[in-house]
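*Asks:* These are the residues of each chain, in order.
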Amino acid sequence: MTTFQIEQTPDRPAVSAEPALKFVLSSVQSDSHMWNLVALQLIMEEMGHEVVNLGACVPVGRLLEACRAERPDCLVISTINGHGHVDGARVISALRADAVLAGLPAVIGGKLGVHGDANSALEAELLALGYDAVFHVGAGDSGQAIESFREFVAANIRTLR
Amino acid sequence: MTAARSVFSAFVAEHRRRRTLVVQPRMGFSDPAAMRRGLHAVAGAGVPAVGTVTLDSYTRTGQHDLAAMSIQSGVPLNGYPLVALGPAVTAELVADLPGFPVQVRHGSAQPEDIFAVMLESGLDASEGGPVSYCLPYSSVPLRTAAKSWSRSASLLAGQAVDCHLESFGGCMLGQLCPPGLLVALSVLECLFFAEHGVRSVSASYAQQTSPEQDAEALWAMRRLCAEELSTVDHHIVLYTYMGLFPESAAGARELVAESVRLAVRTGTERLIVKTTAEAHRIPTVEENVSALRLAHATALEQPAPGAPPGETEVYAQARLLVDEVRSLAPTLTEALPAAFERGLLDVPYCLHPDNGGETRCVLDDEGRLQWWHTGRMPLPPALGGRRGHDRVSATRLLADLSYHRRRLDPVLS
Chain A
1 MTTFQIEQTP DRPAVSAEPA LKFVLSSVQS DSHMWNLVAL QLIMEEMGHE VVNLGACVPV
61 GRLLEACRAE RPDCLVISTI NGHGHVDGAR VISALRADAV LAGLPAVIGG KLGVHGDANS
121 ALEAELLALG YDAVFHVGAG DSGQAIESFR EFVAANIRTL R
Chain B
162 MTAARSVFSA FVAEHRRRRT LVVQPRMGFS DPAAMRRGLH AVAGAGVPAV GTVTLDSYTR
222 TGQHDLAAMS IQSGVPLNGY PLVALGPAVT AELVADLPGF PVQVRHGSAQ PEDIFAVMLE
282 SGLDASEGGP VSYCLPYSSV PLRTAAKSWS RSASLLAGQA VDCHLESFGG CMLGQLCPPG
342 LLVALSVLEC LFFAEHGVRS VSASYAQQTS PEQDAEALWA MRRLCAEELS TVDHHIVLYT
402 YMGLFPESAA GARELVAESV RLAVRTGTER LIVKTTAEAH RIPTVEENVS ALRLAHATAL
462 EQPAPGAPPG ETEVYAQARL LVDEVRSLAP TLTEALPAAF ERGLLDVPYC LHPDNGGETR
522 CVLDDEGRLQ WWHTGRMPLP PALGGRRGHD RVSATRLLAD LSYHRRRLDP VLS
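Chains as they are written, first to last, in the working numbering: chain A, 1 to 161; chain B, 162 to 574.
One or more hints might be untrue.
What the hints assert, rightly or not - Pairwise CB distance ranges (calculated):
{"hint": "1", "chain 1": "A", "residue 1": "48", "chain 2": "B", "residue 2": "542", "range": "46 to 54 Å"}
{"hint": "2", "chain 1": "A", "residue 1": "20", "chain 2": "B", "residue 2": "207", "range": "57 to 65 Å"}
{"hint": "3", "chain 1": "B", "residue 1": "527", "chain 2": "A", "residue 2": "70", "range": "40 to 48 Å"}
{"hint": "4", "chain 1": "B", "residue 1": "567", "chain 2": "A", "residue 2": "157", "range": "29 to 37 Å"}
{"hint": "5", "chain 1": "B", "residue 1": "514", "chain 2": "A", "residue 2": "22", "range": "16 to 24 Å"}
{"hint": "6", "chain 1": "A", "residue 1": "100", "chain 2": "B", "residue 2": "548", "range": "26 to 34 Å"}
{"hint": "7", "chain 1": "B", "residue 1": "514", "chain 2": "A", "residue 2": "158", "range": "45 to 53 Å"}
{"hint": "8", "chain 1": "B", "residue 1": "547", "chain 2": "A", "residue 2": "143", "range": "25 to 33 Å"}
{"hint": "9", "chain 1": "A", "residue 1": "96", "chain 2": "B", "residue 2": "234", "range": "16 to 24 Å"}
{"hint": "10", "chain 1": "A", "residue 1": "143", "chain 2": "B", "residue 2": "537", "range": "32 to 40 Å"}
{"hint": "11", "chain 1": "A", "residue 1": "62", "chain 2": "B", "residue 2": "542", "range": "36 to 44 Å"}
Honestly, the hints are just simulated from the structure, not real lab data. All figures in this text were calculated on a predicted structure; none of them were measured in a lab. The beta-carbon is built from N, C-alpha and C at its ideal position, and this holds for glycine as well.
All chains should be modelled from the sequences, with the hints used to inform the complete structure.
*Replies:* Pasting the structure below:
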């Protein structure tokens, strides 16, 4: 039990010397999956960052509103229902077309199509539309996607800030 | 008015009499030809099965224009776009399957248009609920969903046939919700349906992580239904584990088999069965049919149901929550949103804006779900209530979420 609680010990914070970033975390309008968002929030918070979690089934308009209000350092979209490449494309197109949010770093991850296998065409398309990174989760490698996301944040922490 | 029993509830009642478990897939394809092939395959599988038409995410969220665009441009959806395809196409699905029961499964917080098309297509069974299809599956305010579900349930109640409506309340977020709350939510949603005149309902429960605790929950649900829904046709439905599923075929098969044993030992009438492809993608027709056959064969090997346990913590928690919620207002349309506003009901880890979000749940060393923090829920410590002050860490949450994977998947070096 105690091993689970190390990060709560006040005199031994898990937070590193890196500056804390503020993330808006969300799914897309048609995706009702929630555990990916709950777990990702905890992981990002334990990385030392602040997370505003908008939850599942968030319409594009509300997502943009929240980004304008919260002024995050980065938008993270997590989606696993297979419509992510379509809904995720709508999100990034709206974001890049918005005068205030056009420059906001944004990444997307999860199971992006309905066929389960990693699809490099979907990934290339989402990058071309304006995502700064795509973390495709294939069968059984969600841990790898999280690691890639950690590396992305670590490598870009100064530019994100 | 005496209405005819729906094909669906008549089928379940007949198999209850024969003491055979009814099995059901979670099947939905965007292409009507594939959907039709799937229903025919289930009907012809040689097991006591009901068919399923699971709808896609756009239809679920009322974005029928997007569903229609996807059909036109040939983009596959994650389910059957019932509304965009229209009633004539759907009526065709079952045109030459007389007497074969089909349930429309959708996940919508506002299902009026779905139910309208479903009824026009000649289908008479669906599922969901004002809470269970709002909190996990939408960002629609709970009061809006409750009003919409009031209209939707009344629409079903007004038909010539006694339409069947199943509560999804026993499946909130699929995992890590303590059984006392799952049982209470499922029974409360069935009561909500009955309040609107629906005369055939089922209460659901999703397999969790402890067979003993799950059996207590199913018995508690049966007892509460008998006490509260005696004037309404009702049965119990179990879902094979809805959380993170084993990735190995052997692990997935074992978890399905465990759900079958659980269903049979508790006299549960219907089981919604998962497949070995669950962790990876949307299963094929063949994978669904072989899962149904496996479930049926496993059920035949089980001994008859045992005796129900006496007083259990699950029953006491559920009974208390049902009574407290009903005391809030004269109707459940009002009482359910009020209960969430006051934190009297609060689903752990649920991010919906109308959920309190104060409660947490963890697994204990025996794999039983335990409250970690019951927030403002009226559960005293003697009934399992707890006010944990530490937060549940990501490590522990991820370990709890992947419990069955760690238990049933082989360790890869």
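*Asks:* Mind listing which of the numbered hints don't hold for this structure, in increasing order?
*Replies:* 1, 6 and 7
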